[in-house]
Amino acid sequence: MKGVGDSKRMINGHMLYCNAKNPFGSSSVRSLLGFMVLAFAMVLGGSTDLPAAAVDAAPGAVQGAADTVPSGISAPDLTATDYPTVPGVNSRVTVWLVAQLHLWFAAFVLAVPIFVFIIEAIGMKTRDQRYDDMAYEFIKISITAYSLTAILGGLLLFSLIVFYPHLFSYLSEVFGESMFYYALAFFAESAALYLYYYGWHWLQGGFRKWLHLSIGLVLNAVGTTLMFLANGWVTFMMSPAGIDPAGVFSGDTWVAMHNYLWNPINLHRFIANIAYGGSIVGAYAAFRFLSAGRPEERAHYDWMGYNANFIAILALLPLPFAGYYLAAEIYAYSQQMGITLMGGIFAWLFIIQAVLIGTLFLSANYYLWCGMGRSDGAARYNGYIKYLAIAIIGSFLVWFTPHTLVLTNEELKALGGPYHKYLGPLGIMPAKNTAVNIMILFTALSFLFYRRSNRIATVTWVNAGNAAQLALYTTGIANLLFLGIYHGYFTNTVYKVAASIPQVMTTLIIIVVSITLDSLMYRGSREVAPLNWGRVPNRAQYALFLLAVAFTWLMGLMGYIRSGIRQHWHVTDVFRDASPDAYTPTLGYAANIVSIGTILFMVLVIFVFWLSQISSRRTDARGYWKGVQGG
Amino acid sequence: MKHFLKVTIFSLLMIGFFAGFSNYGIPEIKPAPPPVEEKLDLGAMTPEQFIVLGEKLFNGKGTCTLCHNDVGGRAPLLERAGVVAGERLSDTRYQGRATDAQEYLAESLLEPSAYVVAGFGKAGSGDAVSPMPSVTAGSIGLSEVEVSAVIAYLQDLAGVEVTVEIPTDVQTQVSDSDAPDAAPRVALASADEVITKFSCVTCHKMSGEGGELGPDLSRIGATRDLAYLRRAILDPAAEIADGYPPIMPPTYAGEIYAGELELLVQYLASLR
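Keeping their order, the protein sequence lines are chains D and R.
1 is the number of the first residue of the first sequence in the numbering used here; add one for each residue after it.
632 is the number of the first residue of the second sequence in the numbering used here; add one for each residue after it.
By construction, these hints were calculated from the structure, which means they are not laboratory data.
Heads up, simulated SDA-like pairs for lysine to any residue below, C-alpha to C-alpha not over 20 Å straight-line:
#1 R:LYS661 with D:ALA578
#2 R:LYS692 with D:TYR583
#3 R:LYS661 with D:VAL93
#4 R:LYS633 with D:GLY293
#5 R:LYS637 with D:GLY293
#6 R:LYS687 with D:ILE345
#7 D:LYS209 with D:GLY199
#8 R:LYS753 with D:GLN335
#9 D:LYS421 with R:ASP701
#10 R:LYS661 with D:HIS403
#11 R:LYS637 with D:ALA292
#12 R:LYS661 with D:ILE339
#13 R:LYS753 with D:TYR331
#14 R:LYS637 with D:TRP610
#15 R:LYS692 with D:HIS568
#16 R:LYS633 with D:ILE606
#17 R:LYS692 with D:GLY247
#18 R:LYS753 with D:ILE339
#19 R:LYS633 with D:ALA292
#20 R:LYS661 with D:ILE351
#21 R:LYS661 with D:MET558
#22 R:LYS661 with D:SER563
#23 R:LYS661 with R:THR694
#24 R:LYS661 with D:GLN353
#25 R:LYS633 with D:ARG298
#26 R:LYS753 with R:THR694
#27 R:LYS753 with D:TYR260
#28 R:LYS753 with D:ALA498
#29 R:LYS633 with D:TRP610
#30 R:LYS661 with D:ALA582
#31 R:LYS633 with D:SER291
#32 R:LYS753 with D:THR491
#33 R:LYS692 with D:GLY564
#34 R:LYS753 with D:ALA327
#35 R:LYS692 with D:ALA578
#36 R:LYS692 with D:ILE345
#37 R:LYS661 with D:TRP348
With the hints as constraints, model all of the structure from the sequences given.
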């Protein structure tokens, strides 16, 4: 007999330590600088996703490591007593709710300027002032939300310092420089936003309009940079980079930022923010539509709601692909983390996600179908709607089908296992990917029908064009089904995901080619009759509300899993969470917290919407002011 | 105000539906609590307990069953790993440096790319790179002793001889798993105490004294090596001495502590 020690020594290599580059000098100077910058940002309403500065509350391990091991930053080894408590306050729930509220508002205020910029550019190109007015109304809503975002960012910073000082200290040691740039970028964003908003009516016409649009571009560039910086801090906690085998951080800030999951999260959040922003302003327009007394007002807010929904759908379509890319990268980073995500304790979360995304797709489509009532020519397409609905609901049901069923022992015995003979395969990825792709395709088809509903093509090759569209969709869907069935039934688990890339490519090709073809077919087309903006049932507005509520709730849920897959680690495999709350909460518990957060967010959003309205209201205080007659 | 109320009620109902579905529409799975560090007294652990420890690590802290299961097909099943380990050494695809089955198992844990079972390599690597995470670092973080325990479990699982010895020079090891309950008695300090405790001389003669039901051990060290002696105590049925009935109890593996086993084996080896 012999031990494994020899084998291990023979097999394992040795660790290498690198010198950290630190343009800000010693750790204490860097900490102080970071703290000053962030405190300054907070005073001015800075927002931050994660801790941005160091405090002198760092435990011996961190500070000690910085002093005695200049080559790196060690994560402290904490015990439950290292986490300050406040009687009657749950630390984790507090940070969770504040962080989530901050994120919801941040997503909103980062997204709105993106499509405001695009709408303004469309207005400039078409010289249609309605676009300019709508863009202004959108930015007006977000300007109040911007302050709230900053306040919530400050609150998050405060709650991290209070409840998780050692984590805060560790992250600020790692990210000192980026905190500094974050604060600078925040000032730049504030300046650009205020110029953009307050200068809207001043910078009109000719060169001034170009200047205004350029400010919008700067605003978006800085806003996106801010998000990328904060994403670096968040993703470092998930997939830390610059860590040597001993768990010591020995890289520089860029190494920490440019970690494995940074770009996947950047892409996913960028797209999701746009869809989310669209859904929130859609809810705003829906409420104004329902409250509107005059037909012109209803027409205006109907148009606004339509555009908001269009933005939300446009971003929603590629979102599953970005989500898939993120999940694949999580697997690539750590198979263990990937399995925890999709096949472990969080597996059932994806059934909840299916319900929510199904809700999003159904409500967005339903709104489009209701919107076809604005057109007198829509009757030609009404007959197809039921088939679209069947395809989307059918896909939703496949996506919703879990692989493992919840069964009693008797049922298990009768079934011969936890997998249903016919339904089981519907629960695995090839079937779900197929369902999602078909859902996306039929949503694109809904949009195509909506676009066509009020127009009559005049080109000579209409029939050939329609036949080509039909062939495109038919062969495309057949390909999706073939890929799904082949990889679902005839390959082993490791290769089942291989269906996803060709399926995504099939879907994208169909969408791009069919929209291009349709644009050519309807070039120079005839309008059936002017669109009747405002001629849409009230229930369509509830679809917009549902879109906003489901999106908010879904973001909260996915925030839980993004953070939850770290399990009992503050920083995966590096910095262990030793707090009493280190355990992973159940899905039900998380859903309750997300629901509370969603309600709080909705209350705050209503407040923001109300604020944006009262700025234009005037009260006739006749007789109140000396020498003023009023009226 | 009417619309505001309607919209509010509608939104609350939807939020309630999502929360209700999450609470009652799917099974409630309580994630396992974070692993708690426990101290193990290896010297007071029997080989069977060591194997049980390996099994718990295999199913728990080691997270081996996340992939090595018959559900997902993400990694090869390990029921026969102890058997095939020896065969792998002569496989042309084998890239490692192990010289026997135990070293191969250790290597497959510590450097899994040395041999990747066909069909289980990282995508695009042509089965040259294993997707298996490090078991000694990060969130798994098995110690050297824990790796030994897992190997012992794999050998036991495959029904082959457990060749791993419990490292007795390490008195205290830290394990994240649920440690098996250590036997309540105090470990014996000398070979004489062990021989008395387990009543060896009831059947065996030592230094001219004792029973004759089993072979005479008075000069056993001159003809048998340490490995044979360990095996004979832990698995007496593995090799029955000529002319003697197979009556030695097979239960010592579950009773004798690793430290005690070493004391006894060293003592027997010294009898020449």
